[in-house]
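Keeping the supplied structure of chain A fixed, place chain B upon it in accordance with the hints.
For reference, the chains in residue letters:
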Amino acid sequence: MDLLLWLEETAFSTWMRESGPAFFSTLVLHSVAMGFVVGVHVATNLRILGAAPRIPLSLMSRFFPVLWVNLVVVSLSGALLLVAYPTKALTNPVFYLKLTAVVAALFITRSFMKGVLQDPHTDAGRAGRRDRMLAALSLLLWAGAVTAGRLLAYTYNTLMASHLY
Amino acid sequence: MDALLDFSQKSGIYDFMHSTWGWPAVETLHFMGLSLLIGTVGLFDLRMLGLAKGIPMNSLHRLVPWGVGGYALNVMTGVMFVTSAPDQYLFNPAFQVKLALMGIAGINVLLFYRFPFDRVRRADAEADAPRAAKVAAAISLCCWIGVIVCGRLITYYRPPYHWCFWC
Chain A
1 MDLLLWLEET AFSTWMRESG PAFFSTLVLH SVAMGFVVGV HVATNLRILG
51 AAPRIPLSLM SRFFPVLWVN LVVVSLSGAL LLVAYPTKAL TNPVFYLKLT
101 AVVAALFITR SFMKGVLQDP HTDAGRAGRR DRMLAALSLL LWAGAVTAGR
151 LLAYTYNTLM ASHLY
Chain B
1 MDALLDFSQK SGIYDFMHST WGWPAVETLH FMGLSLLIGT VGLFDLRMLG
51 LAKGIPMNSL HRLVPWGVGG YALNVMTGVM FVTSAPDQYL FNPAFQVKLA
101 LMGIAGINVL LFYRFPFDRV RRADAEADAP RAAKVAAAIS LCCWIGVIVC
151 GRLITYYRPP YHWCFWC
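If you read the sequences in order, they're chains A and B.
With our numbering, the residue at position 154 of the first sequence is 154, and numbering never jumps.
With our numbering, the residue at position 35 of the second sequence is 35, and numbering never jumps.
Hints are supplied without guarantee of correctness; some may be wrong.
Quick look at which bits of chain A chain B covers, simulated, 3 or more residues with Cβ under 8 angstroms [stated by the list, open to error]:
| hint | segment |
| --- | --- |
| 1 | 15-27 |
| 2 | 44-52 |
| 3 | 57-67 |
| 4 | 134-148 |
| 5 | 157-165 |
The calculated EDC-like cross-link candidates involving lysine to aspartate or glutamate, where the alpha carbons are at most 20 angstroms apart (straight line), are [stated by the list, open to error]:
| hint | chain 1 | residue 1 | chain 2 | residue 2 |
| --- | --- | --- | --- | --- |
| 6 | B | K53 | A | D2 |
| 7 | B | K53 | B | D118 |
| 8 | B | K134 | B | D118 |
| 9 | B | K53 | B | D128 |
| 10 | B | K53 | A | D119 |
| 11 | B | K53 | B | E126 |
No lab work stands behind these hints: they were computed from the structure.
None of these values were measured; they are calculated from a predicted model.
Quick reminder that beta carbons are idealized off the backbone N, C-alpha and C, glycines included.
Isolated chain A, as found in the complex (with noise of 0.2 angstroms):
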């Protein structure tokens, strides 16, 4: 708890809370990005379960790059509002939720990216039914992420560590 009373009481953090541009266009970042995140596996994962059936699978990946440029943003504004109220989040049993369902989807992701998404005996059609079931799992772990992250706004109980003293 005081590393957390030493962290929102620096000047870059009081200055990412206080100024509101500076969270207000973190928030923007974090939005935006977050969109095209989840986007990107929405279409990846519909097509996985048969949906589009003639876009070829293996090429997916090439929309991949606009993925990783979204996670990189969404890392880094992420980071950035947990410093603007660190202890809103860290206190917060939804924050983590959140981090597992992004962490738990990536994984599945990456399991597509070695196996149905460069195999090109499933470049047509519907995936087979192991694929499909990690498809539509992801698909609930990002509404989970998504879902979570928006309670973070209503869930907290703790804004402030200060508040605590």
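Chain B alone, transformed into the frame defined by chain A:
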């Protein structure tokens, strides 16, 4: 504005939105709709702009109905927000710009399907999109990104303190 509030209150939307989890739940759905739109229409736009050549534009266009579904979800959830707190939206510059961008995006969609779409549909997997399609794709991407930015900024502006010069 009274008519909007009246609609919300009589339909029960108002009570639902102002219940404990109503507003956050609908916000969450609104973000899911946005992700559907970006993931389908956004990727189709990026392909027309030259990314991911090798994927036939025609095959990628088959994902667009999912984006239309996301758009419909967001119109519905959006109406729920606006009618449940109209004063926070109608006088809000972020919301006004958001509506204007949606209008431009709408006209852009009509022009796209009227003119370059036929050539896009018949193009080869490796083909470059026609110039008109590229322009439409760029306008579409800019508008939808702008719509998300404005949507997020709605909470930054708190009417009735008017921040913009035309309010």
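Hint by hint, here is what the structure shows:
no.	hint	verdict
1	15-27	holds (count 3)
2	44-52	holds (count 4)
3	57-67	holds (count 6)
4	134-148	holds (count 4)
5	157-165	violated (count 0)
6	B/K53 to A/D2	violated, 53 angstroms
7	B/K53 to B/D118	holds, 18 angstroms
8	B/K134 to B/D118	holds, 14 angstroms
9	B/K53 to B/D128	holds, 8 angstroms
10	B/K53 to A/D119	holds, 18 angstroms
11	B/K53 to B/E126	holds, 5 angstroms
Violated hints for the displayed structure, listed by number in ascending order: 5 and 6.
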